[in-house]
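Novice: Residue strings, one per chain:
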Amino acid sequence: MILASVLPHVVIGTVVVPFLGAGLCVLCGRRGGAVIGLGVAVVLLFLSGMVGVQLARTGVSSYAIGGWGYPLGIDIRVDGLSFLMIMTTSFVGTAISFYATGYFGKSSDGDDHQGDGRARDFFWSLWLFAWGGLNVLFVSGDIFNLYVALEIVSFSAVALVALGGSVAAAVAATRYLFLTVVASAVYLLGVGLVYSARGTLDLAALGLVSHPGGIFAVAVALITVGLMIKSALFPVHFWLPPAHANAPVPVSAILSGLVVMGAFYVLVRLWFGVFAVALVPAAGHILGVCGSVAILWGSWQAFRQSRLKMMVAYSTVAQIGYMFLIFPLVASGSVGGVFAWSGALYLAASHACAKAAAFMVAGSIIRVLGHDRVDDFHGLVARYPLGMFTFALAGVSLIGLPPSGGFVGKWLLLKGAMLSGQWGYALVMMVGGLLAAAYIFRVLENGFHAVEQPVKSTVRVPWSMQVAALILALTAVGLGIVAFEPLALMNIDAPFVGGLVEGNPS
Amino acid sequence: MIWGEISLWGIPLASLVTAVVIFGLPDQARRKRFAVGLTGASVKIIFTGVLMMGVARGVVRELRIPFLPDFDLVFRADALALLFVGLAAFLWLVTTVYAHGYFKGTFHQNRFFGFFSLCILATSGIALAGNLLTLLMFYELLTLATYPLVVHRGTPAALSAGRVYLIYTLLAGAVLLLALVWLSALTGPTDFAGPGLDSELLKQYPVQLVVIFGLMVAGFGVKAAMVPLHGWLPLAMVAPAPVSALLHAVAVVKAGAFGIVRVVLDIYGAEFCRQSGVLPWLAGAAAVTILYGSLRALFEDDLKRRLAFSTVSQVSYIILGVAILGSSAVAGGIVHLAHQGIMKITLFFCAGNLGHCLGIDRVSRMSGVARRMPWTMGAFTVGAFGMIGVPPLAGFMSKWAMGTGALEVGQPWVIWILLASSVLNAGYFLPIVISAWFGTPDENGGSVPLAVKEWRDCWSLVAPPLITAGLTILMGVFAGLVFSPLGWVARSIVFQEYGF
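Here the protein sequences line up with chains A and B, keeping their order.
The first sequence runs 417 to 922 under my numbering.
The second sequence runs 1174 to 1673 under my numbering.
Bound conformation, chain B alone:
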C-alpha cells in the first residue's frame, strides 16, 4: 500500500525537516521548538509502526536509488532495521522532553536541537540501510552531526573531548571505507538482503576476507566502544546529559554494534562466518570488553564515567550474542540493543538530574540523595537492577536468552562471563543504590517536602526516566508476548529473517 512507501521515505525525512525548521527558529522560541521536536518524533514513531505492521505480515519495503556505477543506495525496512529505528524514534521523543527542561535558560539551543535531529536522521539512515555503502554514508554523517553536540559547551575540556572523539571515529570511518572498497573489489556490491557471501569465495581469498572482516569489526568497534578502541567514550561524558543519554549511551554505540550485527549476519552470513573461523575471535574480544568495562566501572567515582564504562561493557553483550550464533543467543544479543538502550538512558537521565538539580556528579556524594529526589532515584534503582540482571526486568531477559543460546550451541563459557559480569554490575551499582536510599544525606533537607519540589520544578526532567524505567519493567515482565521487543526479535528477526 502507499502508506508503506510514504513511511519509508518519511522516517528519515521527519528528522531532516525537523532539523531544518529548528535551525531556522530564533534561539528564544522555546515552545515552538519543543512542539516541532515532539511532532517530528511522533511522526517518526507512527511511520515506524506502519512499517512494523507490514513486516509482521511479511512485507519488507525496499527503496533503491542508483548512485555509483558499481553500488546503489538501498534502504530496506526489515525487522532488525525497524527495531533500531523504533528505539531511536521513541528515545528521541523522550529525550526531547528531557532536553527541553535541561537546557532552560542556556544559549545556542537551536543549534543543539537542530544537530540533535540530524543525529537521529543519521541513526535512522544507519538502521534502514540496505547495504554497507548506505550504512557507511550515514555512519560518517553521525560522526559529523554528533561533533557539535559534544563540543556544545565550548569549554577547553569539551573541545578536547571532541578532538579525541573525531580522531577515533574518523579513523574508524577511514578503516571501514577501505574495507568496503576492498570487499566490493573482490565480490561486487553486497546487499543485506542477499544470502551472505559465497563459500566459494572463501576458498579463493581466504586471508583477504578474514582481514576485511577484522577491519570492519575494528571500524564499527570504535563506535561500539569495544576494548581497546573505547577510549573516546568516557571522555565524551563531558557533554551535556541529554547528549550522553541519547547519543553516547544509545545512538552512537548502538550504531557500532548494529554495524557488527549486519556484518556477521547479513554481509558475511552465518554459514560463512562459521567456516572462516572468525567468530571465536569476535566472541573473545566481546568477552574481554564485557569484563574490562565492568572492572573499570568499579573504580570510577565520577557517576557519568562509571555509567560510560558500564556502557562499554553492556554493548558487547550484543556482539557476544551474535558471535555465538545460537538462535536464542542471537535473539538475546539483538534484543539487548533495545533493552540496554532503555535501561541505560534511564540511568543517564537520573545522572543528569542529580547533576543539574543538585550539583552532584560523584558517587561518593550520593549518600542519602534519595530523600531529596526519590522519584529520580526510584527510576535509577530500576535501571540499575535491570543492568545487574534481576528478574523479571528487561536485562534479565536478554541475559537469560543469551545463556540459553550458549548452552544450545555448546559454549557454556559464555554463561560464566554473563555471571561474572552480573556480579561486577552488582558491585558497582548496588553500593550506589544502598547509599542513596539508606545513607545519611550530606546536606540538610530543608522545610519543603522534597518529593513535591522535585515534581513541581522539573517535571520534564523527572517524567522521562520514570517512563523508561516503567518500560524496563514492562519489557521484562511481558517478554514472552509477541509484541514485546524480545518477541519481535525472536519471531521476526531470528526466525523469519535469518531462519535460525
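The following block holds chain A by itself, in its conformation from the complex:
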C-alpha cells in the first residue's frame, strides 16, 4: 500500500537528491565532501532500483511537477530507456564515488596525491551537479528542459576537467568549454526553430507531427550537429583525448562513461521520438559513416598510443562510433532495426561500466608504477595481478568477446545489420573488434613480459579504488551473462510495436 503510493514519486528523488547533495558539499567544504558524495550515491542507487520496480509494475509513467501537466508544466517521463540510463548512471556513479574517496584521500605513505587539495574540495560538488544534470536529462519530457540539463552537465564537466590543475588541463578545459558552448548554441537554435514551427516544446506533443516541412529538417540538422559535438563523434571528437590526458582519473571515468552517453541518449530520444519522420536512410547513413570512421580510426589511434590513459580515451572515441550505428540500422526500416536499437543502448550501458573500470585501473597502475607508459609495463601481471585482471575483464567487454555486455550489444547490432542487409557496417564492427583486441592485448602482453628482478610492490593502492574497478569490470562481464531481464526491462515502451520479435523474420 505504502509502496504503491510512494513509488510514483521516487523519480523526483533521483532528480532532487544530487542537487541537494551538491549544495551541502559546497557548504561543508573540505571535510564533508566524500561522506556526502557517497551518501548521495547510495541513496540514488536505491532510488533507481525503486524506479525500476515501478517500471516493472506499472509500465511507463509520467509525472507532472507540482501538479502542472502539459501544456503549461514540464513533464517527467520514465520508460525503459530512461530507466536503463538512470540505473547505469547510478551504478557506475556509485562505483566512481567509491573510487574517488580512495583517489582523493591520503595514501598509505601520507602523501596527498592531488597537490594542494583543491581538486578534492571541488570535485564532489561538481560531480553531484553533473550527476543531477544527467538524471534530469534522462527523465525530461520537454525539449527545452533537455537543453537546460545538457548545460548543467556540460559546465560541470568542463570544471571537472580543469581540476587537473596544470596548464595543459586548463587548455583542455577551455577547448572543451568553447566546443560545448558552440554545441549548446547550435542545439538551442534548433530548439527555437522547432518551437517556431510547432508552438510546443513537449516531446510527446511534438511526436505527433505528421508533416515535417523544411524548417523541421534544418532544426533536426542543427540539433544533431550540436549533440554530435557533445558526444564526441568523429569528426568533432577532438576535445575528448586532451581532456582525458589531463583530468584526474575519476573525472575521466565520468566523462567517457557517463557524459558522452548522456548526449548520445538525447540524440536517440529525439530521433526515434520527435524526429522519427525525418529518419530517412540517407540521414542515418551520414551518422553511420561518421560512426564507422570513428570505430576504425579511434581503434587505430588507441593502438598507437604510448600512454594507457590516452589509449583508453581513444577507445571511447571508437566505442561511441559503435553506438552511432544505431541510426543507419534503424533507419533502414527493416526488422533489423529492433535488434539494433537494443544492441546500441545495451552497448552504451556496458561501455559505461567497462570504460570507467578501465580508467580506474589506469589510475591504480599510475599509483603502483608512477607512470602509465604501456611499453614499460613489464612484469606488471606479477606485480599487480588484480589490476591487470580487472583490465582484462573490462577489455573483454570493449572488444566484444563473450561473455560480456559488449558481446551482447555487438551481437544485436550485427543481427540488425544482417537483417537489414547492411553488410558494410557488420564488417566495420568485426574489424573494430579485432583492432580493439590489438590494443587491449598490447597492454596485457607487456604485462606478461618477464622481468629479471621481480619487484615487490611497495605502494599500496587503496582498497576502495581496486574494489570499485573490479566490481564495474565484473558487471560489464555479468551483463553478458544475465542479459534477458535487462533487455526486457529496457524495451518497455520502446518505439517499436511489441519490442523485440523472436525467431524467423521471413
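Estimated spans, in silico, between C-beta atoms of each pair:
| hint | chain 1 | residue 1 | chain 2 | residue 2 | range |
| --- | --- | --- | --- | --- | --- |
| 1 | B | P1239 | A | A586 | 47 to 55 angstroms |
| 2 | A | E567 | B | Q1201 | 57 to 65 angstroms |
| 3 | B | P1401 | A | R789 | 36 to 44 angstroms |
| 4 | B | Q1201 | A | D792 | 24 to 32 angstroms |
| 5 | B | G1231 | A | V871 | 53 to 61 angstroms |
| 6 | B | S1633 | A | Q869 | 27 to 35 angstroms |
| 7 | A | G475 | B | G1231 | 44 to 52 angstroms |
None of these hints come from the bench; they were simulated from the model.
C-beta atoms are modelled at their ideal positions from N, C-alpha and C, and glycine is treated no differently.
Following the hints, put chain B in place on chain A, whose structure we already have.
Specialist: Leaving out everything else, chain B in the frame of chain A:
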C-alpha cells in the same frame, strides 16, 4: 533423477570452483593446490559418468537458459558431448599430476593452474553446448583462457607465439560470429537437438548457406589446425610441456574438430550436407591436411614441433571421417577424438620428460635415450605405434573403422590416404623409436641404474604417460566391447543419436 540435474551443472562448476580456489591460494601452497586440482578433476569425472549412464538408458539431459531475445543458452549432455567431456576430464586429472611435478620450484604456479582449470571449463562448455551460440561463447573463452598459458614463461619467444595465436584464433572467432549471426538471420536459432536444416532452405538460399558453411569450417578449422590455418600450432610449442600436452594436443585442437562435427552432423545435418555438395570439399581439405602435416613432420628436428605437425595431420582424420558420412567412417572419425587425444598426450608427456629431466628437445639427440629413461620411452613407443596404426592399438581401430566406412559409401580413395598417412607416420616415428632403443647414447650413463632414478625422482612425470599408454593398448584391444570408446561412439552416437 536429481543426480542428472546436479551433474549437468556440476561439470562446468567443478572447473570454475577449482579455478577460483586456486587463484586464491598463495603461490607456495603446492600440496593444497594439487589436492584441489585432483578433487575438481575427480568430481568432474564422476558427474560425467552419471550422465553417461543416463544416456546409455536413453535419457539426454538438457538445460535451457533464456539469454538473448532470439537465442537461448542451451546445454545438452548427449553422447557426443559426454565423449568429449569425459576425455577432457580424465586428461585434466592426469595432466594435473604431471604438471605438479613439472612445475616444481617455478614461479606463478597458481596463475598457471588457475587458468588451466578455466581452460577445462571452456572445453566442458564447448562439449556440452546445445547450440552454436553457447558453443561460440565457450570457444572464445577458451582462447582467452589459453593465452596466459602460452605466454606463461614471459620470454619474447613466448609472447610472440602468444601474439600469433591470438591473431589466428580471434580472427577465427570473428569469422564464426559473423557466420552464426548470418545463419540465424536466415533461419532463426538452430539447436543441435533438431533435425538439421530444412532442404527447403537450400532451394531458397543455396549460395548463402554454402558460404556460411565455408565460414564456419574456416572458423573452427583454425583451432583444428587445418591447412592452411595451422600456422599457430607449431609456434605454440614454445609453451611448457603440460600446456602443449593437454591444450594444444587435445583440448584446443579437439574443440575445433568437435565444432566441425557439430556443424556437419547437427546444424546442417547429414541430409543437407549431401544435397548441397559441400562434403567433397571438406573431405579434400582434410585429406590435404593429413598429408601435408605428415610430410612437414618428417623434416622437423625439434621433437615438440614434429609432434605438433603430427597433430595437424591426425586431427583431420576426425574431419575426414565425418565428411564421408558412412556410418563406420563417422564412428572412426569421432572415436579418433578420444584415441588420438590419449595417444598424443602420451607422446607430449614423454617429450616433456626428455626436455625437463635430460634437456633433450631434438630428435637428433635422442640416440640411446631409452637406456636412461626406459619407462618414458616405453610409453613413447606405445604412443608412436598407436599413431602409425599398428594393431591392436587404439589408432589402428579408428583407421580400420574409417577404412571400412569409406568402402561402405564407395569412396575407396580414403583408404589410400589412410595408408599413405600411416607410411609417413612410420617414417617420422620409427626412426625415433629405433634410435632411442638401439642407438648409442650420447653421454655416459653414470653409476646409478637409470631406471630406478627415473622413478624415484620424478614419479609424477613418469606415471601419467604410462597410464595413458596403457589406455592406448586397452582401448584398442577391447574396442569391440560396449563400454570402450569405440563401442560408445558406435552405439550411442552413430546409431542412437544420428541413426546411421
